[in-house]
Amino acid sequence: MRYQIDPKLQTVAALLGCVCLLQSGCGGGGKPGIQTKGSDTMVNLAQAWAEEYKKVSPDVSVEVSGGGSGVGIAALIKGTIDIANASRNMKPEEVAEAKKNTGKEPKEFVVGYDGLAIYVNKSNPLNEVTLDQIAQMYAEGGTITKWSQLGVKIPGNPSDDIVLVSRQSSSGTYEFLREHVLGNKDFRLGSRDMNGSKEVVELVASTPTAIGYSGMGYATPGVKMLKVKKTPGEPAFEPNVANTLNKSYPIARSLLVYTLGEPAGAVKTYIDWILSDAGQKVVEASGYVPLPAPARAKP
Amino acid sequence: MQASHIDEPVEQDMIVRNTRRPAWALLGERALETLIYLCGISAIIFVLGIFFFVFKEAFPILGNPKFSLHQFLFSDQWYPTSEVNKRYGVLAMIAGTFSVTALAMAIAVPFGLGAAIYVSEFCEGKTKETLKIVIELLAAIPSVVWGFVGLTVLSRLIVRWTGAPVGVNILNGGIILALMSVPIIVSISEDALKAVPDSYREAALALGATRWQEIRHVLLPAARTGLLAAVLLGVGRAVGETMAVLMATGHAIHIPHSVLDSVRTLTANIAAELGEAPAHSAHYQVLFLTGVLLFAMTFMVNLAAHCIVHGFKRK
Numbered sequence: 001m002r003y004q005i006d007p008k009l010q011t012v013a014a015l016l017g018c019v020c021l022l023q024s025g026c027g028g029g030g031k032p033g034i035q036t037k038g039s040d041t042m043v044n045l046a047q048a049w050a051e052e053y054k055k056v057s058p059d060v061s062v063e064v065s066g067g068g069s070g071v072g073i074a075a076l077i078k079g080t081i082d083i084a085n086a087s088r089n090m091k092p093e094e095v096a097e098a099k100k101n102t103g104k105e106p107k108e109f110v111v112g113y114d115g116l117a118i119y120v121n122k123s124n125p126l127n128e129v130t131l132d133q134i135a136q137m138y139a140e141g142g143t144i145t146k147w148s149q150l151g152v153k154i155p156g157n158p159s160d161d162i163v164l165v166s167r168q169s170s171s172g173t174y175e176f177l178r179e180h181v182l183g184n185k186d187f188r189l190g191s192r193d194m195n196g197s198k199e200v201v202e203l204v205a206s207t208p209t210a211i212g213y214s215g216m217g218y219a220t221p222g223v224k225m226l227k228v229k230k231t232p233g234e235p236a237f238e239p240n241v242a243n244t245l246n247k248s249y250p251i252a253r254s255l256l257v258y259t260l261g262e263p264a265g266a267v268k269t270y271i272d273w274i275l276s277d278a279g280q281k282v283v284e285a286s287g288y289v290p291l292p293a294p295a296r297a298k299p
Numbered sequence: 001m002q003a004s005h006i007d008e009p010v011e012q013d014m015i016v017r018n019t020r021r022p023a024w025a026l027l028g029e030r031a032l033e034t035l036i037y038l039c040g041i042s043a044i045i046f047v048l049g050i051f052f053f054v055f056k057e058a059f060p061i062l063g064n065p066k067f068s069l070h071q072f073l074f075s076d077q078w079y080p081t082s083e084v085n086k087r088y089g090v091l092a093m094i095a096g097t098f099s100v101t102a103l104a105m106a107i108a109v110p111f112g113l114g115a116a117i118y119v120s121e122f123c124e125g126k127t128k129e130t131l132k133i134v135i136e137l138l139a140a141i142p143s144v145v146w147g148f149v150g151l152t153v154l155s156r157l158i159v160r161w162t163g164a165p166v167g168v169n170i171l172n173g174g175i176i177l178a179l180m181s182v183p184i185i186v187s188i189s190e191d192a193l194k195a196v197p198d199s200y201r202e203a204a205l206a207l208g209a210t211r212w213q214e215i216r217h218v219l220l221p222a223a224r225t226g227l228l229a230a231v232l233l234g235v236g237r238a239v240g241e242t243m244a245v246l247m248a249t250g251h252a253i254h255i256p257h258s259v260l261d262s263v264r265t266l267t268a269n270i271a272a273e274l275g276e277a278p279a280h281s282a283h284y285q286v287l288f289l290t291g292v293l294l295f296a297m298t299f300m301v302n303l304a305a306h307c308i309v310h311g312f313k314r315k
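In order, the protein sequences belong to chains S and V. In terms of the numbering used here, the first sequence opens at residue 1 and continues consecutively. In terms of the numbering used here, the second sequence opens at residue 1 and continues consecutively.
These are computed hints drawn from the structure, not numbers from a lab. It is possible that some hints are incorrect.
Stated by the list, open to error - Subject to a maximum C-alpha distance of 30 Å in a straight line, what follows is the list of computed BS3-like cross-link-like pairs (lysine-lysine):
no., chain 1, residue 1, chain 2, residue 2
1, V, Lys86, S, Lys146
2, V, Lys56, S, Lys91
3, V, Lys194, V, Lys132
4, V, Lys66, S, Lys91
5, S, Lys198, V, Lys86
Stated by the list, open to error - DEER-style ranges, computed between Cβ atoms:
no., chain 1, residue 1, chain 2, residue 2, range
6, S, Gly151, V, Phe53, 47 to 57 Å
7, V, Gly236, S, Gly265, 44 to 54 Å
8, S, Ser65, V, Phe295, 22 to 32 Å
9, S, Lys104, V, Phe98, 38 to 48 Å
10, V, Leu26, S, Lys78, 45 to 55 Å
11, S, Lys104, V, Leu26, 49 to 59 Å
12, S, Val56, V, Thr152, 48 to 58 Å
13, S, Pro155, V, His70, 41 to 51 Å
14, V, His306, S, Thr220, 44 to 54 Å
15, S, Pro92, V, Gly40, 32 to 42 Å
16, V, Gln71, S, Ser65, 29 to 39 Å
17, V, Leu26, S, Gly265, 48 to 58 Å
18, S, Lys104, V, His306, 32 to 42 Å
19, S, Glu262, V, His70, 41 to 51 Å
As the list claims (entries may be wrong) - Stretches of chain V that chain S covers, calculated by requiring three or more beta carbons in the stretch to come under 8 Å of a beta carbon on chain S:
no., segment
20, 72-81
21, 160-168
22, 267-275
From the three backbone atoms N, C-alpha and C, an ideal C-beta is built for every residue, glycine too.
With the rest of the complex left out, here is chain S (with noise of 0.2 Å):
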């Protein structure tokens, strides 16, 4: 026998579930959510991860945005997320501002490691270069401006001037070259920097005669990714997974995640999952390298 539900029990019903919506969409309602914001090298990454995850734990929503590290890092210190990522190390002076604002000391986790690759137009028959021509061609002052300094000539282009494709200042990959390739000088100014990795690879490969930079998880068909060297006497060595976790490829760099004090609860387990052989997994479909097994969490 069905019974008749009463119309104005109805409304209480309707009401307290808009309330629980309200709850749940700030994040204090029954289901825990997590937001994490940073570094546009790893957002395809976090995406990946936060989809995964909701596979293995459906009742934790895993929220992920972009901007760059600096912007995660800048919300961390704000206390407004839970997890910051980052294509580079947090600043001492960041570190400080944090323990002031919040109270707690920022924990870092490594996640896994990226090469740094210098793509090039598909069509550019140049192939390697070494790390001083890459500091000539950004750095504020430096001497190479044209593909025939590099004894190149794009076939088909009349154009000899190199178009120079960066990032826009709040990208760990930007302080990352600046730091490890510049030798902390500043960026020549006239170049086009764009929002993000994607946007970098897109515009090279849409022109011939342009060289950029972004994670090697961003390789499309329409770009190449140079070899880089030391110097000019030792081997070039192109960016892929062996090379990245031995060293050899030059330009290397950890991925990172940060939490505010040590993590607990949901956070906890999330970052416990991502250390772990399924969250690793993750990291290599999306282009990246890997922790090498030692390093890995234990279930």
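For this one, chain S is given, so just place chain V on it according to the hints.
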């Protein structure tokens, strides 16, 4: 006099009814009046509030010994996050904003006014309705979609047509901004032209004026205030646009020498960098100072336009 006989009791009746209204009704009316008044002055409150906030965030930088206003306005060196030598010069971005806006207006004003004159004076029936709907549809396209069109479609076309090394440049940004401003200019200009009384048109034609003379010497002068407002709103849209120019202009700090150079605009720079600038750092304050500069620029444009209109009126 019969009318007054009828009128009197009615009026009396209304007065009586008014005094009989219950207190809550009077109170309700008063509350509603206050609410509408608040709505009316809310625009002023918001403008002043935003002005105050932007100034408050920007002001401390002027007292910073490492910051010079001269460098801010007259240097093209923009290195807000440098490790060795921080420099805050926005000259290249001022040049970028001006060049993209000027090109956009050079395209959008003739097209917009021409389209408005056609829609308002020469077009009738179904064509007119269709045109108006399509123009409004153009205004409803989100700016990020325009930016995407600029980045992917237009940039390739520009490379093919002009042989420029990169397709994201002033020309690209100017065309995209013109396309975004045209619908605003058309719909407001069309309203302004429609508001000119038909007796003006009839008088002009009766005096033997051609259609061209009628439009050139009667309609355009009569509607000038509305037309200027239309152009100004178009300029406002172009100066204030962020997302589309961020994607279409190439975002390069560079004082342009031709329309095929990439530039960065003031608005795009704020959008790209404000998220990472630590609150109340020098970088953050300089970005707000850029906001003050934008405020000042739009204020000058509006003031100049106001003076022009009033100058015309005195004649």
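Quick check on a hinted range of 22 to 32 Å for Ser65 (chain S) and Phe295 (chain V), using CB atoms only. Since Ser65 (chain S) and Phe295 (chain V) have Cβ atoms about 29 Å apart, the given range 22 to 32 Å holds.
Restraint check for Lys66 (chain V) with Lys91 (chain S), where alpha carbons must lie at most 30 Å apart: holds (22 Å)
Cβ separation of Lys104 (chain S) and Leu26 (chain V), checked against the hinted range 49 to 59 Å: At roughly 57 Å between Cβ atoms, Leu26 (chain V) and Lys104 (chain S) fall inside 49 to 59 Å, so the hint holds.
For the segment 72-81 of chain V, does the count of residues with a C-beta closer than 8 Å to a C-beta of chain S reach 3? holds (count 6)
Run the distance test for Lys198 (chain S) versus Lys86 (chain V): straight-line Cα separation, threshold 30 Å. holds (28 Å)
Taking the beta carbons of Leu26 (chain V) and Gly265 (chain S), is their distance inside 48 to 58 Å? holds (57 Å)
Taking the CB of Gly236 (chain V) and the CB of Gly265 (chain S), does the distance hold inside 44 to 54 Å? holds (49 Å)
Could you see if the CB distance from Glu262 (chain S) to His70 (chain V) stays within 41 to 51 Å? holds (49 Å)
Do the Cβ positions of Pro155 (chain S) and His70 (chain V) conform to the proposed distance bound of 41 to 51 Å? Hint holds: Cβ distance 47 Å, inside 41 to 51 Å.
Taking a Cβ-Cβ distance under 8 Å as contact, does the segment 267-275 of chain V have three or more residues in contact with chain S? holds (count 3)
Under the criterion that the straight-line Cα-Cα distance not exceed 30 Å, is the pair Lys86 (chain V), Lys146 (chain S) satisfied? Answer holds: Lys86 (chain V) to Lys146 (chain S) is near 28 Å, not above 30 Å.
Per the hint of 38 to 48 Å, is the separation of the Cβ atoms of Lys104 (chain S) and Phe98 (chain V) within bounds? holds (47 Å)
Checked against the numbered hints above, the structure breaks hints 12, 15 and 18 and satisfies the rest.
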